[in-house]
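Line by line, the protein sequences give chains A, B and C.
All you need for my numbering is the position in the first sequence, starting with 1, plus 248.
All you need for my numbering is the position in the second sequence, starting with 1, plus 68.
All you need for my numbering is the position in the third sequence, starting with 1, plus 11.
Hints listed in this document are in silico derivations from the structure and should not be mistaken for laboratory results.
These numbers come from a predicted model, not from an experiment.
Mixed in with the good hints there might be a few duds.
When the alpha-carbon atoms are kept at most 27 Å apart in a straight line, the in silico DSSO-like pairs for lysine-lysine are as follows [claimed, not checked]:
1) C:K230 with A:K481
2) C:K270 with A:K492
3) B:K175 with A:K611
4) C:K56 with A:K499
5) A:K682 with C:K56
6) C:K270 with A:K481
7) C:K22 with A:K492
8) B:K185 with A:K611
9) B:K175 with A:K481
10) A:K308 with B:K197
11) C:K18 with A:K481
12) C:K68 with C:K18
13) B:K197 with C:K22
14) B:K112 with A:K615
15) A:K615 with C:K239
16) B:K112 with A:K611
17) C:K228 with A:K481
18) A:K456 with C:K239
19) B:K197 with A:K328
20) B:K182 with A:K456
21) C:K56 with A:K686
22) C:K55 with A:K615
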Amino acid sequence: MVEKIRTVKDVSCPFCGTLCDDLEIDVNIKTDLVVEVRNGCQIGTKKYFSSNPSDHRYMKPLIKVNGEHKEVSWDEALDKAADILVNAQRPLLYGFSSTECEAQSKGVELAEILNALLDNTASVCHGPSLLAIQDVGASLATLGEIKNRADTIIFWGSNPVHAHPRHLSRYSDFIRGYFRTDGRNDRNIIVVDPRNTHTAQIADKYIKVNPSEDYELIQAIRAILRGNELDVKEVSGVPIDDIKELVEELKSCNFGVVFFGMGLTQSLAHHRNVDTAIRLVAELNDYTKFLLIPMRGHYNVAGANQVFTWNTGYPYSIDFSRGFPRYNPGEFSSVELLLRDEVDAALIVASDPGSNFPAASVKNLFKHPLISIEPHKTPTSAFADVILPAAIAGIECEGTAYRMDGVPLRLRKVKDAPGETLSDKEILERLIEKVKEKMGE
Amino acid sequence: MSLDNLILLTGRTISQGVALEGGKASRENVRAAGICTFDADDFKKLDCLVGTPVKVITDYGEVVVYSTITEEGPHQGIIFIPMGPWANQLVNPSSQGCGTPTYKGMKAKVEVVKSGKVIGAIELIGRLKEA
Amino acid sequence: MADIKLKIKKKLDFPLEADSITPDNFAGKTVAEIKKLPLYYATKKVTIGDFFDVSGKSTEVANTKIIIDGDLSNVKRIGEKMTGGEIEINSAVGMHVGNHMSGGKIVVNGNADDWAGAMLQGGELEINGDAGHYVGSAYRGYWQGMKNGIIKVKGKVGVESMLWAKSSKPANKWPTLYCGSAESFLGIHNHGGTIVVEGDVDRCAGADQAWGNIVIKGKVSRLLPSYKKVGEVKEVQLPNGEVIKGKFIEYSGDHTIKKETNGRLYIAV
């Protein structure tokens, strides 16, 4: 018997910042289960399949009673969540990167009403890139430009084979472009990394840099670019002749791009690694065309930065405690706040700090009431006092997401939200209503 | 059966990405992210079979993970643990004032454990709640 | 000097923002009026009287001295924007102490948290302990930071101290930092600041320095490859008129910014 299938085409994948927009999803019409995913990478495909109900997908709201999660009504769960937030002296609203822009906007609204701290996952990821851009600007591009024009592509501290699996096929390596008609053969791929990653193994040139010493290497490149002869024989493990050769290669290309990732932002020097990389790209424009794009990890962390900035003026690590938004990464960053134990309640939306924050900060996170808006069981939601089960944006509800290059794409709804789940946006709207009620507005 | 003077890097792997979408409480996640990848020559010095649990120790904590040999080497002196709950027992929480912790570049040492179990993500993070 | 004494009387679970504690705000006010000045605790607006015992007398700004006791390690923004007078803090102090200060003197008898003396426009900040990150530096998004004044830190300063410092020869403004030792990126993006370190510094001192003078009497963990040796000197003449005696190797940099530069870094022999 042939099952009836609904096929949805041109679906934007809600996993990584590459935001591939060519997925095709087959849904069984009777059971409303995802049965096939075409064109997605392993991870995107898995995400669609894991939206099907399972023992680790939340269907109903839960409240922790005597150490166990007990099913309750939406009303009861939202009431308890609102109580926690209203009674907290310094609540933190964190996450927002794996949901769509309208939900992110509701997050800002809620933070403002509560005079809370507001942060998104850029805080532990590309926050340093944003800090660097605020200091020295950035010569950015869209992925389409790169696909069509770039003949020299550098991956610095980034391993797309593992983290952005279709990036190379769709934009940066194998695909034929308008001016790159011979695809891979028309491109020169350079990888800079302490390890000979799988991306490095398919590159034309691999530069092994000592861990945590990228800054010095880029300074050497820039100084040589300025026409200086340096006093040293090697920098950061790279022989000076190799560096000079690289400089000539970069100067003489037609159109270059630097894609950079956590190798720069999560190593010592953080935003200063990105600062000097941005300056290098700008200075190469004295010789040729050179641009850069940060390899954003989540499919809509760029959107969270956009939405927060439209509303508050700032992209992340925001404090509303004095009645207006203030910005200071470090002082108002989630991990630092938790390490200092300065937060007495947390609302975690569309993210998993339990897994992704350093252990010492998670310890303090768990000391205080925790609300988790989350579709699946994770090391964050498993320990939450209130679990508000979410429909998955990009699968069970529509919305807008911003790709790593700042291009907004529409997320599709391919199936209905299962069980009693609601979209993040609707959950936050209802939470705002409850909070306003309790605050007497 | 131990190694000193190592540098620990953490980061994304595609298996870890698949596993986290497949269920963070699963054994698949343990196999994908509860591992430590060694350079082939470094691993010989540990004198144990691939898959033997090892204890990784940094200034910030310690954790037992399964050992494996890298496909992304050689990288003598460097060990790699995929991002996630196991890696985060070991990373430097300090951001030096910028807000983003230092997830890469910690000094580390490794010991083969005679008897050690690599515990699941929920149980591992759950220990932070009790403490 | 007329003294006003403050003693903190509550334990802090959250940071207390005390930007109202300045000689400018206290000058000419009675103790009762001072007690009513606002502070910010978590998300609540409170008063000085809620958190501090207050006694003493004030006079005009220049002769008002505020002495603060108790545990102030989580009290932020003391001395913000002050133009004169003195503050003496007998404890470790929270972030942003003396930020935007343009005159007067603050003495911290303890460690200071991050952003001490940020955006300093003048006056003197003395820390008899260690200081955190971003000492005398610019705030986020500002491309000019400390423009004048003197910061003295007995112990260590954290990363990126004196970020975007800017001096002015015509206006005779020489922002200067004296410290015991320094973490990485000391003087990054320096545009004329002067830094003298009694001990050692970590990597990347003078990163992207356009011009300025950094004198290191101890060791450097790793000198930037974009710095070049000029020669040896027996003393260093600083633009503020001070002369530092001793044998130093003179380096020019940062050559990432310019092929030829007046920026200088001196490391003791």
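Consistency of the hints with the structure:
1. C:K230 with A:K481: 21 Å, holds
2. C:K270 with A:K492: 16 Å, holds
3. B:K175 with A:K611: 23 Å, holds
4. C:K56 with A:K499: At roughly 57 Å apart (the allowed maximum being 27 Å), K499 of chain A and K56 of chain C break the hint.
5. A:K682 with C:K56: Holds, because 24 Å separates the two Cα atoms, which is no more than 27 Å.
6. C:K270 with A:K481: Cα-Cα ~19 Å, so holds.
7. C:K22 with A:K492: This hinted pair is violated, its Cα atoms lying about 58 Å apart.
8. B:K185 with A:K611: 22 Å, holds
9. B:K175 with A:K481: Answer holds: K175 of chain B to K481 of chain A is near 26 Å, not above 27 Å.
10. A:K308 with B:K197: 24 Å, holds
11. C:K18 with A:K481: 58 Å, violated
12. C:K68 with C:K18: 15 Å, holds
13. B:K197 with C:K22: Between K197 of chain B and K22 of chain C the Cα gap is close to 25 Å, so the pair holds against 27 Å.
14. B:K112 with A:K615: Violated: K112 of chain B and K615 of chain A sit about 43 Å apart, past 27 Å.
15. A:K615 with C:K239: 52 Å, violated
16. B:K112 with A:K611: Violated, at about 36 Å.
17. C:K228 with A:K481: 26 Å, holds
18. A:K456 with C:K239: 25 Å, holds
19. B:K197 with A:K328: Distance of about 21 Å is within 27 Å: holds.
20. B:K182 with A:K456: 35 Å, violated
21. C:K56 with A:K686: Status holds; Cα separation ~20 Å.
22. C:K55 with A:K615: The hint holds at about 22 Å.
Going through the hint list in order, the structure does not satisfy hints 4, 7, 11, 14, 15, 16, 20.
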